[in-house]
Every structure is written in C-alpha cells, then in structure tokens.
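J.: Residue numbers (the numbering used here), protein chains in the order written: chain S, 1 to 641; chain L, 1 to 175; chain D, 1 to 101.
Since the hints were derived computationally from the structure, they do not count as laboratory data.
We treat Cβ as the ideally placed atom computed from N, Cα and C, and that holds for glycine.
Hints should not be assumed to be uniformly reliable.
If you anchor each label on the Cβ, the simulated ranges turn out as follows [unchecked claim]:
1. L:Lys-140 / S:Met-603: 32 to 40 Å
2. S:Tyr-622 / L:Arg-115: 17 to 25 Å
3. L:Val-101 / S:Thr-600: 34 to 42 Å
4. L:Phe-111 / S:Ile-628: 37 to 45 Å
5. D:Asn-7 / L:Lys-140: 26 to 34 Å
6. S:Thr-600 / L:Gly-63: 58 to 66 Å
7. S:Gly-629 / L:Phe-71: 29 to 37 Å
8. S:Met-603 / L:Phe-111: 42 to 50 Å
9. L:Ala-160 / S:Ile-628: 33 to 41 Å
10. L:Ile-154 / S:Arg-110: 32 to 40 Å
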Amino acid sequence: MLDYVWLVPFLPGCAALVIGLFGKWLRTRSGYVAIAAMLGTIVVSLGCFWDILHGKGPFTQHLFTWISVGEFKAEAALLVDQLSVVMLLVVSVVGSLVFIYSTGYMKGERGYARYFAQLSLFAFSMFLLVLADNFVLMFIGWEGVGLCSYLLIGYYMDKTWAADAGRKAFIVNRIGDFGFLLAIFLIFWTSGTLTFSGVFDQAPVIYKYGGGVVTAITLLLFMGAVGKSAQIPLFIWLPDAMAGPTPVSALIHAATMVTAGVYMVVRCNVLYSLAPTSMEIVAIIGAATAFIAASIGITQRDIKRVLAYSTISQLGYMFLALGVGAFAAGIFHIFTHAFFKGCLFLCAGCVIHAMAGDNDMFHMGGMRKQMKITWLTYFAATLAISGFPLTAGFFSKDEILWATFRSGHLILWLVGLVAAFMTAFYMFRSLFLTFHGESRAPEKIKAHIHEMPRSMTFPLVVLAFFSLVAGFFSIPKVLKGSAWFEHFLHPVTNRGAEILHELHVADPTPHVPELELLLMGASTLIVLLGIAAAYAVYIKGWPEIPKAWAQRFGVFYKLSFHKWWWDDLYNSTFVQGTIRLAKAAWQFDIFVIDGVINGTAFMVRSVASRLRKLQTGQLQAYGVGMLIGINLIVLLFLLTR
Amino acid sequence: MPVSILYYALFVIALGAALMVVLSRNTVYSAAFLILTMLCLAGIFLLMHQEFVAAIQVIVYAGAIMVLFLFVIMLLNLREREILLPDFRSLRIWVVLLVLVFFVQVGATCFIVLRQMRDVYPPELPPDTIPLIAKTLLTKYLLPFELVSVLLVIAIIGAAMIARHDEPAEHSDSS
Amino acid sequence: MTSYMINNLVLSLAIFSIGIIGFLVKRNAIAILMAIELMLNAANLAFVTFAYSFASVDGTILVLFVITVATAEAAVGLAIFIRIYRSRGTIDVDKMTTLHG
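With these hints in hand, go ahead and build the complete structure from the sequences.
T.: The following block contains the structure:
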C-alpha cells in the first residue's frame, strides 16, 4: 500500500481541480466528489498505517525532480513514517467527517461548489505538508494550507468582517512564514541539503550542541510554527478566523492546519534537541499561551471564540510538551485534540445553525431538550478536553503535565495545571450556558431550534466516540498500560534523544511511578474542581453570581474580556505605526522619489528632443551611418591582426 | 593570349558600365548600363567555365529582373523631373571619400587573408560542373532550396497585393 | 589561372563600391534599387570566383540563392514604389521621411 501513497495528495487535488473547473455544472454533486476523494485517502492512509505497523520502516516515494540548480535540488518526494502516517490518519478521518458534515451545513449556501473546491485544495496541501520529504515541499504545503485558510476564512467575502479576518490571518501568518523561510535558507546554507533525512543525519556532525547556528535555525522554525499554530505573540488571528464557516473552523482552525506547527517541530526534533535554549523558549511560550488563552476563554460570550481560545490554549499545551522534550506526547495531544475539538466545533455549528446564526451563548440555554445528540456529543467532547479521567484528553494532557514535571520545569507545570483548571471551567461554562438552564432566546428563534439532519449528527457521534476512547491507544505504563502510541512513534520522536545520549548530554531522570500517580490525582482533582466551579456559578448561581464576580474581580474580568488588550496593543503599535510609516513614505514618495523620477524624465525628454533630430527618416542618412560603422569594424579587424 | 585580352576587355567594360549606372542621370540609361554590366560579368563567368551561372545571369538577371525594372519605369510613366532627379551634390564628396576608405580597407583585408592561403590553393573546378551543382543543390542544400521557393511565392503574392489597385474608399484614405 | 582570382576580386570590390556610392547619392528610388542590384552582382562575382578557385560548387549555389532573393526583393521593392508613387506622386527618397524623429 505504501507504493500508492501518492494517491493521498493526488485524490483531493484532483477533486479540487474537477470541482473548481466544473463546479457550475456539478452544483450539489460537488460535495460527493470531494467526499469520495477523502474516503479514498482514508483507505490509502489505513493501508499505509498497516504497512508501517508491520515494520515496513520509513518509506520514501520519489515522484519527480522539481528544481535542480547546481548543488540545489528540490525533489517532489513523499516520506511515510510513523509520524506522518499518524498525521495522515488524523487529517483524512477528521477531514472526511467534516466534509460529510459540510454537505448538511452548507446546504443552500451560495458558492457551495467553491467551498468544496477550496476544502479539497486544503486537504491536498495538508497532505503535501505532512508527507513532504524535504523542507521545500513542506513549505509548499505550508503555504498552500495558509492560502486555503485565507480563502475559507473569507468565504463570506462580501462581508467586510470576513474579508478583514481573512487578511489578518494571512498577514499574521506571513510573519511566521518569513521566519520559516529564513530557517530553510539557513539550513541549506549550513548543511547543503534540504531533505529531512539528509539534514538530520548530518546534524550532530555539523551543528555543535547548543551552538548559535542550530539555535537560530530552530528559533526561526519556531517562528513559523508560532504563526501557523497561533501561539503568543502571533495568536491574534485565530479568534478572528472564526469568521469562516464553522466546519472550516473545525477542520482547519482546530483539528489539522494549526497543528502543522507542532508537527513541524516534532519533525525537526533532532535539531531542537541540539538547541536547549530553543527548547526552553518553546516550552515557555507554550505554557504562557496555554495560560493566557485559557484566561481569555473564561469570559468570552461567542461560542466559537471560546472554542478558538481553547484551541490556542491546547496548542500551547502541545508546544509545552515539545519544549520539555516529550515529542510523542505532543503528537498524541494533536491526535486526541483533533477528535474532541473537531467534535466541539461541529456541535457549535449545529447550535449556531439552530439559533439562526447567533453565536452569543448568553442568548442560548436549555438547548439540550431539542438537540439531544448535539448535547450528548458536546458533553462527551467537553469531558475529553477538560481532561476528565479515562477520556482521551485525560491521557494526553496528563502525559504532557507529567513530562513537564519530570523534566524539572516546576513553574511551567504549575502554569499548566492552572490552565487545566481554567479549561475545565470555561468548557463547562460554555456547555452549561448553551445547553442547560432556561432558554434566553427570543420566541421566534426558540421555535426554530431543532435537531440537525443525519449528515450532520453522524460525524458528531463518530468524533465524540473517538474523543472518549482515543486515549486508550496510549495508557501510561503506570496505569498498567502499554503506552502504545509513544512506542509506535519512538523511531521518529526519539532520534533527538538518541543523539543527545550519544553526546552524553541528556540525563534521563529516574522514573518514579508513585509520583506520577500522585500528579495524576492532583490534575484530576483540579479538573473536578473546575467543573464544580462552573456548575456552581453557571447552574446554581445563574444569573447573579457571574455578574457579582465580574464586578468583584473587575480588573481581571476586563483583562480577560478584552483579551489582555492584545489586539489593541498591536493596533496602536504595529498597525498605527505602519500607517504612520506609510504616510511618511507617501510624502517621501511624492516629493523626493517623484521629484527624482520627474526630473529624470524631464532630462531624458530634453535630451531626446535633440537626439531625435538624428532620426531624419532619410534612407541615405542611415546608409552613411552604416557605411561608417562597417568601416570602423573592418578597421578594428585590421588593427587587431 | 586572346583569352586574356577578352578578359581584360570585359573587365574594363564592366567597370565602365557600372560607373555609368551611377553617373547617368536618366534612370532608363542607368538600367541599360546595368544590363551591360551584367552581361560582362556573365562573360567573365563563362571564361571561368561557369556556364550554368552565366546562363542564369543572362536569363534571370539581365533578362527578367532588368526587364521588370524597365517595365516599372515605363508603367509609372515618370515625369521628366522624376526621371532626372538631381543627386545629393553636397554629400557626394564625403560619400566618395568614405567609399574609398572602404575600398582600401576591404582590399587590404582580402589581401592579408588571401596571402595566408596562397600556399594551399586546391585544384580548380572541372570544366563540367552542372551535374555537380544539381546534385549538391538537391542534397546538401535541399532545405534552403525549398525555403527559397517558399520565399519566392511569398514575394509574388506580396508584390501582387501591394501593387494592386485600391478600392475607391481606401484610395482617399491613403492619400 | 590564379590571376583571375585577384583581378576578379578587385573588380568585385570596385563594382561593390560603385554600388555603395550609387545607393548613397541617388535620389530616385528605382535608381537606388539598381545600385543594390549592382552590389549583389559584385557579390555574385566574388562567390563565383571563390567557387572556381577553391574547386567547390558551394559558392555557385549561393549565387543561385542570391539571384532568387534579388528577384524577390526587386519584385516587392518595385511594387512598393508603384504604391508610393500612386499615393504621393513622387519616388524621390528625399521626400519619403514620414518616419523622421
């Protein structure tokens, strides 16, 4: 099956082409074309997974040589190993479910075919990014998903807010991509190759442990990851990206694209292992993002924004895991997060659909009566993301926290723990506000609330099921499990550690089962505390206590509600600064540059008006010139003999 | 030595006729002297046993092309003033000087080049070259041969298109 | 018989120079075309002379091509002059300066 891996990007790419070209004719059938392509990729991905599982080690499929300039060579080659096959499965399964869901959600929208063409193009780019065998191809996929993200955020392009959100995402991502590109240049400059295997094999030789070059490379790569995966300080685009259709938020801005940064860092774990400073920075930024995003999520009223901040926060967890060297744990969190966050977003889509497009949770409430399936699946996914014991999120988040603690980052561990508390709190807050209590919707909308068609509920059920059980892939050893997931990824994620071991740098801390159990208990307790707090405030104390609290903790409330004034800070510094700079440049342009240009043009014109007299239009005048020229050439020939 | 005398006679007549082409002010005379030049050159070709080229020179050049020239001169029915257009007298001295420089320089170049090749003169052509010309033209030069025929067709069509009478509407437009 | 060669080349160069003079000083367009024919003839003479002296028919064949091209050129050139004469009433190249700067 590995030989057919080229089909994985090929199928959605073809679908995108077909729908893009014949969308007018296909109309609603375009959805089926896209779904068929995605189901095909599931089959191929499962086949690849099966082969990899049976020890058919890393497999490279060389498609064609794309660029060949001197030493530089960019091959279009696909790499299948344990890491990429996991990502393949996540993208194809969640992607297919979202595609199916979209046929229901987007029914009757204008540009239905355009939507599926762009979504298929996204799948194509994402598969390319995941399967790439070298940095150049990965960058193509990286830019491709960025483009599709831009297109899909701005799906309602006739609305200013959607177009603005798309542009914001694109521009902010560009800052990160700039770093990524610089990193690629630096890698090529120092190692002379861009294939993953080539770079990583010679990395221990050419890069000194903790040296400046490798630190610069990893930091620049991380800059790209920060942009794509919405970390501090570039996270501001993701909440605005919710302007796109909800299935897009589920697939691109929760389950797959935003995890590309995490994937890329894990892919480069060899380089990161050689740069301890970068690892520290990754961990700190991850923890800070987890904390700040969670704190913002507590007070948001828009259900999709809550989920967006929760996504940022969970991505922060992933980077925290990478920063403390637990690469497999980060990937495992991608894996579980894709299911429960995809499920949450799709549920939110159902809710918004039922509310006739209203996102504000304060207008909802009591929807569990009419929307049983949505409520149950949302509940399951909320349990998972909060880290309720035995759900998927519990295992993955706990592994991250344990890895953080074990590596000695006690403060980061504490921050993560607090963020976990807040996660449980705000997620249950959204659950309670949306589905419990009395309905606060206007009468007209209240009558409109209904359960969604099966094409939309089916993906919910599947995703909810996975969010409950996906954790069993990797039950930690301390709970008598096999930590299968970590074991499976070991050949890829452990390369950095092996290199450090060879260099006699790493000092694996001894494993203390009792301590791990204790910490697990502590985080469980924290989660339960968060759930209880949410219950106390939003079920028992509604509506007095939230208001009272908002007043009592006025400063914190405002800090959180206004997103730490992060957007305003950027607005007053970068945006206003840019505008002011642009104005200055405009003045400079008008007076200095235009002056020079006009002066040049004037000079050219005055010289030309004299020179053009040479052009008499008389044949013989040209003939004389030609004769003089011939004479000079022959003279030159005679003289040089 | 009659061949030699014949050759020098042709040489002198060709040179003189060529001069007269330029010097005579009447275009019809110029054309006539041009024909004479061509005939003299054909004679020189014959002396070098190049019968085929000589024949072509007489038939195509002196016969066809020059007749075309005369035909056009007659057709246009040029007025006296047009036929006897004065030359650029002010330019003439400079032009002649330039051409003299050209003559000397190119002559010197030819002299230098040929002196280096003097020792390697190969044997001269056999008297009967026509079969050889035919063979070479249809093998080695087949593609240029075909291309030249295409060029001729294009030239015929182009000349016919350019020289045809205009429609009345077009005529006022182009005047 | 190598004396043919030097003589012929001198003759060729002389006729070519006369052609240049004619091309540069004549004002009648048809006379200019004839001066060009003169130059082409001079070139033909050189070709034939080299073909003869170096025992190769390539020069001869080139002469054929030159004659063909000259025919085409004369046909098109004369057609253009007919057209110009018809629309302007003159074939004085001194007056054909529409393309002046």
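J.: Now tell me if each hint is right for this structure.
T.: Now the hints, each set against the structure:
In this structure, Lys-140 of chain L and Met-603 of chain S break the distance hint of 32 to 40 Å, their C-beta atoms being roughly 56 Å apart. Take Tyr-622 of chain S and Arg-115 of chain L: their Cβ atoms lie about 35 Å apart, and the range 17 to 25 Å is violated. At about 40 Å, the CB distance of Val-101 of chain L to Thr-600 of chain S agrees with the hint of 34 to 42 Å. A hinted range of 37 to 45 Å is violated for the C-beta pair Phe-111 of chain L and Ile-628 of chain S, which are about 22 Å apart.
Range check, Asn-7 of chain D to Lys-140 of chain L: Cβ separation about 30 Å, and the 26 to 34 Å hint holds. Look at Thr-600 of chain S against Gly-63 of chain L: about 60 Å separates their beta carbons, and that is inside 58 to 66 Å. For the hinted restraint 29 to 37 Å between Gly-629 of chain S and Phe-71 of chain L, the CB-CB distance of approximately 35 Å keeps it satisfied. Under the hint 42 to 50 Å, the C-beta atoms of Met-603 of chain S and Phe-111 of chain L, about 49 Å apart, fit the expected range.
For the hinted restraint 33 to 41 Å between Ala-160 of chain L and Ile-628 of chain S, the CB-CB distance of approximately 38 Å keeps it satisfied. Our hint of 32 to 40 Å for Ile-154 of chain L and Arg-110 of chain S is violated, since their Cβ atoms are close to 56 Å apart.
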